[in-house]
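Trainee: Using the sequences and the hints given, assemble the complete structure.
Under the numbering used here, the first residue of the sequence shown is numbered 1, with each subsequent residue one higher.
Because the hints were derived from the structure by calculation, they are not lab data. Worth double-checking, as some hints may not be accurate.
Unchecked claim - Subject to a maximum C-alpha distance of 16 Å in a straight line, what follows is the list of computed EDC-like cross-link-like pairs (lysine to aspartate or glutamate):
no.: 1; residue 1: K133; residue 2: D61
no.: 2; residue 1: K250; residue 2: D221
no.: 3; residue 1: K256; residue 2: D222
no.: 4; residue 1: K508; residue 2: E495
no.: 5; residue 1: K372; residue 2: E460
Please read all numbers here as calculations on a predicted model, not as lab measurements.
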Amino acid sequence: MMDASKVDIDGSELSLQPTIGISWPGCGQDLLRALLDRYVQLANDAAGITDHAPVPFEVSDAMAPQIDGARYIVQTGPYADTVIPLFEEAVQHGTPDTAAGFRQIASTSYTGYLKFRRRWIDSPFARSGLVLKLHLADLMDAPALTLGLAIRHLGPSHTVNEALIDETIKQVPVDGALRSNVGLPPANDDALKTFRHYDEEIFGAISRIKLRREDVFQCFDDILGHPPIEENVIHLQRFASPEWLIDHLKQSREYKMKFGGANGASSPAPSKPAAPAPVAQSAPVEPAKKDGPTVLVHLHIPKTAGTSLNGKLMQGHPVSTRVTAVDDIPNNKLKNMSAEDRANVRVIAGHCVYGLHDLLPNPCLYICVLRKPQERLFSFYRFIQRSTDHPNHAWAIANAPTFGAFLRNIGEMKNLQSEMDNGQVRRISGFMGVAELSQPVFEHAVRHLLAENMVFGLTEHFGDFLHDLATRDLIVDSTEIFANVGTGSSDFQAELAKLSADETDVLKRYTMWDQRLYNIAQSWIGI
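Mentor: Take a look at the structure:
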């Protein structure tokens, strides 16, 4: 007997291929499977075939094997949208049905969510034509679109019948009860607020989680020697990286009391030779054109020792007067501040873009550190490779085992393009997102770099730059401590020698404008 699930409405064979359903959390496929079954049944009925076999749809968990040749349908969505069904399932298995229990499930489950995304959303296998990725919310909000995509995925030779899809949706109950049964989030914010443990602040934190729970505990153990308070963990998970959380902890009163004395001063540094004459200054600071205290703005260029400088610049400034890149870039944060809060800002540190002075009522002094462009790109590559929590880590491991492969394939990662393609010129010019760099953009960068409200140094002479900042009373401690920066000059030279001609051309193209700016910086400060 012919398999009924393989018959089209015109009597010809409809090849619905077997599929494996994967979803996060471990639910959410029931509705899609019901829609597929009903569509095939209606197609068979229209063709005069009443013997109906279910669509070959196997539901598996997130750690299912990735089988070459097999077809998969992966259902996903924002982490915050899946926390309630995760918690409800956990309650059935003994988790206390309390606000604290909900908060802990939201905190602990994020590690699994990251593993799921790396395996089924971001991996090379997941980007193949064998994997169809669908959003959970689309099952409710756009069931016709979702069903059509699934049918085309399972029956590539089949012409989807839109009228039949509409009839299928009419016959399959898509309501609020089914929404919760298949793991979908509440339909809107009002429905979300009916959740028995709803707390606006907690849900706001969940929507911005970036760190794993274990990362937070490790940072606390390394810096303060004890675990965090449980109710604070989910808020601490909002930091963009462990490095930013460590910076935050080192500015805490507890850290300063333990390691820097009661007044918060740094412990005496080991004796060292007298610092050389400063060589890393630009021009004298421009007299303030605005009234009020000068705001220090660190244009933190990634992989230039900027993390080390951030900590030094923020020393002595109350937390309420700082703006960092935690949760969002400083440019966006300032735009959302009240005029009173902007007037209270004294130091800005983070991956920001030139132009913040236009958002502040007080005068600004920009500070930045430049690095040899090609070595900076290599350092950035190595950072992604070793940082398992970096959003591009899985891609780099799979697609960039060497620096040359990284250069060849970086075009696949659009979120890295601006940083990789002459990112120093982009950030200092104020034109971070411009599609292609040009001479006018470069000239903007040069003018900004050499302006009297900019002080700059070079990573390769970082100690001299810190000494210069200390003589200007811009920082208290000029002890040279590198954080999150690897030198690796010998590694870079070895990797450079392995590049093909094409890869070398890519490297030069991604650094040509930055190299011109770096040469000007070197000449200006006499190195």
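Trainee: Compare the distance between the alpha carbons of K250 and D221 with 16 Å, and conclude whether the hinted pair is satisfied.
Mentor: holds, 12 Å
Trainee: What's the verdict on K372 and E460, does the C-alpha distance respect the 16 Å limit or exceed it?
Mentor: holds, 8 Å
Trainee: Do the alpha carbons of K133 and D61 lie within 16 Å of each other, as the hint requires?
Mentor: holds, 15 Å
Trainee: Sort out whether E495 lies within 16 Å of K508, counting only the CA atoms.
Mentor: holds, 15 Å
Trainee: Please work out if K256 and D222 have their alpha carbons no farther apart than 16 Å.
Mentor: holds, 15 Å
The structure is consistent with each of the numbered hints, conforming to all of them.
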